[in-house]
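With the hints as constraints, model all of the structure from the sequences given.
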Amino acid sequence: MRTRALIARICRQMIRDKRTLALLLAAPLLVLTLMYYILNGGEADNPRIGIVQEDAALAGMLQQAGIDPMLVSEASAATIERHKLDGVLTFEDGRPALLLENADPAQAKALRMKISQIAAFQTLDGLGLPVSASPGIETSYVYGGEESSFFDVLSPILVGFFVFFFVFLISGIGLLRERTTGTLERLMSTPIRRGEVLTGYLAGYGIFAVVQTIIVVMYAVNVLDIPLAGSIWNVLLINLLVALVALSLGILLSTFASSEFQMVQFIPVVVIPQVFFAGILPLDGMANWLQILGKIMPLYYAGDALTGVMYRGEGIGDIVPNLLFLVAFACLFIELNIRALKKYRK
Amino acid sequence: MGIAVQVDRVSKSYGKKTVLQDVTLQMRQGQIYGLIGPSGAGKTTLVKMLVGMERADTGKVNVLGEAMPNLKLLQDIGYMAQSDALYTELTGEENLTFFASLFKLGKEAKRERIAYASELVNLSGELGKRVAAYSGGMKRRLSLAVALIQNPRLLILDEPTVGIDPSLRVSIWNELLRLKEEEGKTIVVTTHVMDEAARCDYLAMVRDGRILTSGTPRELMAQYDTDNLESVFLAAGGSSR
Chain A
1 MRTRALIARI CRQMIRDKRT LALLLAAPLL VLTLMYYILN GGEADNPRIG IVQEDAALAG
61 MLQQAGIDPM LVSEASAATI ERHKLDGVLT FEDGRPALLL ENADPAQAKA LRMKISQIAA
121 FQTLDGLGLP VSASPGIETS YVYGGEESSF FDVLSPILVG FFVFFFVFLI SGIGLLRERT
181 TGTLERLMST PIRRGEVLTG YLAGYGIFAV VQTIIVVMYA VNVLDIPLAG SIWNVLLINL
241 LVALVALSLG ILLSTFASSE FQMVQFIPVV VIPQVFFAGI LPLDGMANWL QILGKIMPLY
301 YAGDALTGVM YRGEGIGDIV PNLLFLVAFA CLFIELNIRA LKKYRK
Chain B
1 MGIAVQVDRV SKSYGKKTVL QDVTLQMRQG QIYGLIGPSG AGKTTLVKML VGMERADTGK
61 VNVLGEAMPN LKLLQDIGYM AQSDALYTEL TGEENLTFFA SLFKLGKEAK RERIAYASEL
121 VNLSGELGKR VAAYSGGMKR RLSLAVALIQ NPRLLILDEP TVGIDPSLRV SIWNELLRLK
181 EEEGKTIVVT THVMDEAARC DYLAMVRDGR ILTSGTPREL MAQYDTDNLE SVFLAAGGSS
241 R
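These protein sequence lines are chains A and B, in that order.
Heads up: the first sequence runs through residues 1 to 346, numbered per the numbering used here.
Heads up: the second sequence runs through residues 1 to 241, numbered per the numbering used here.
No lab work stands behind these hints, which were simulated from the structure alone.
Among the clues, some could well be false.
[Claimed, not checked] Computed far set for chain B versus chain A, every beta-carbon distance over 12 Å:
1) Arg9
2) Lys16
3) Thr18
4) Val19
5) Gln26
6) Arg28
7) Thr58
8) Gly65
9) Ala115
10) Trp173
11) Lys180
12) Asp195
13) Gly215
14) Met221
15) Ala222
16) Ala236
[Claimed, not checked] Below 35 Å or equal to it, Euclidean Cα-Cα: the simulated DSBU-like pairs (lysine-lysine) are:
17) A:Lys342 with A:Lys295
18) A:Lys342 with B:Lys129
19) A:Lys342 with B:Lys72
20) B:Lys129 with B:Lys104
21) B:Lys110 with A:Lys342
22) B:Lys17 with A:Lys342
23) B:Lys129 with B:Lys110
24) B:Lys107 with B:Lys72
25) B:Lys72 with A:Lys343
26) B:Lys17 with A:Lys343
Don't be surprised by glycine CBs; every beta carbon is placed ideally from N, CA and C.
So this is what it looks like as structure tokens:
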């Protein structure tokens, strides 16, 4: 009864606050769309390589490898700058030398690989040995396909992250406002129980979290066409748990903030580090202590479960451990919240 | 008449700072009891103990015959804090309805209490407006109406008339007196306005966490041989310095 009054009040407040509602519902879609176009952007222009000697065979091979050759006078930084090249390839006494711009190290590395392959052919050719064109390797994939892009792996994590971030922010600031205006104190001077207060808040903000989750997931799958190998119900289930964790964590942390500004300060401390461990960056390569650190972060489990279902097509059985961890986090935060409310009523 | 509030040798400190020191008070039912003293004297902490929001380090607090903190007892205590504590996105009526539904009130009783409380503070015509559009005084009045909503036996008001214009202050005080006389309510008020103190049945002067002196306004003035409470307060405070 009291809980219901609390839920009704939160809903009414949220609906009156159009801007917050818009942030909660539209902002994740905006960012997700932007990320989609940025990461799925069209093919980059071919890299441009300068060669000092006229060499038709070499130029042909470069072109075949998707590199635009250009005849230049010398191998120097000035040449690269003047002609907007990615590198210059020279041969001294038959030995290849490559000067790279290295503005983008990852791109430069890929370019070096391609060119050293070509240079090896060139050397073999020079020795009069038979050269076969690069052998085509038949490739098949366990997950995804040839067309899979970084965004496909990233998007499940992004969906979970947005649900986490926005729910955390709005529930945290919502409750903080209640603390600073004194309404929470007044609430606690009525016969309402602490459990009822927390249930009311979880359910009240939870309704909006559920709506947000459904919109984000549906948009990602149906409009952005993010590949969904597993079941959408599992995706929704994971995200609902993520929302619950974010909700209880946001309410809990608002205890330790005395202004909206201080609540926002939790973002770099609590939210951003979780992104690193959610699976966007490979965890295998991290130091041991970092891997352990990752395992105390809710988004680690959420990220693993979401990529599991959406990209690797895992079923409910495969994600149960992750789900249990999320439930455990939510229970922990809820319990801490009930204790924190003691501050208002001894 | 019974005892409404019994505070027995209560002390409270936050860290090293002592907020209340060996405070003993007794408030009888059906009286207006004033706690007067400068800001930071410990009035609010004392009042919060009566509502069960703070726990005494040592000593006992009994309210309406039961030891505080006590959840059930809150049904009988109306509390108005120093801050207005209202939901500004909601209308006045929605605020009243929300707080009313936190108490055990029937549907009909709820409607009656909302009508009564808003009439009392002269807000009946403004209930449909959002609180964000209210003036400071209107918010204070609505806050008072919220404290009265469940028809509590004990009313605890922390500086109820701050920011309210003089004519409304008079009408609120008249209503407090009426609540006391006709409905036998016990009212605890903190204030630092001396003419309000003069209208209380019993006064306790608080400074630095201690009760400097207490008694009816007349007793106090006689004790310090003056004709106004302000000099009583200065004299009582001066002796402790």
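To see whether the hints hold, each was checked on the structure:
| no. | hint | verdict |
| --- | --- | --- |
| 1 | Arg9 | 18 Å, holds |
| 2 | Lys16 | 20 Å, holds |
| 3 | Thr18 | 18 Å, holds |
| 4 | Val19 | 14 Å, holds |
| 5 | Gln26 | 22 Å, holds |
| 6 | Arg28 | 23 Å, holds |
| 7 | Thr58 | 14 Å, holds |
| 8 | Gly65 | 17 Å, holds |
| 9 | Ala115 | 19 Å, holds |
| 10 | Trp173 | 23 Å, holds |
| 11 | Lys180 | 21 Å, holds |
| 12 | Asp195 | 27 Å, holds |
| 13 | Gly215 | 29 Å, holds |
| 14 | Met221 | 34 Å, holds |
| 15 | Ala222 | 37 Å, holds |
| 16 | Ala236 | 31 Å, holds |
| 17 | A:Lys342 with A:Lys295 | 30 Å, holds |
| 18 | A:Lys342 with B:Lys129 | 34 Å, holds |
| 19 | A:Lys342 with B:Lys72 | 16 Å, holds |
| 20 | B:Lys129 with B:Lys104 | 26 Å, holds |
| 21 | B:Lys110 with A:Lys342 | 29 Å, holds |
| 22 | B:Lys17 with A:Lys342 | 21 Å, holds |
| 23 | B:Lys129 with B:Lys110 | 20 Å, holds |
| 24 | B:Lys107 with B:Lys72 | 20 Å, holds |
| 25 | B:Lys72 with A:Lys343 | 18 Å, holds |
| 26 | B:Lys17 with A:Lys343 | 18 Å, holds |
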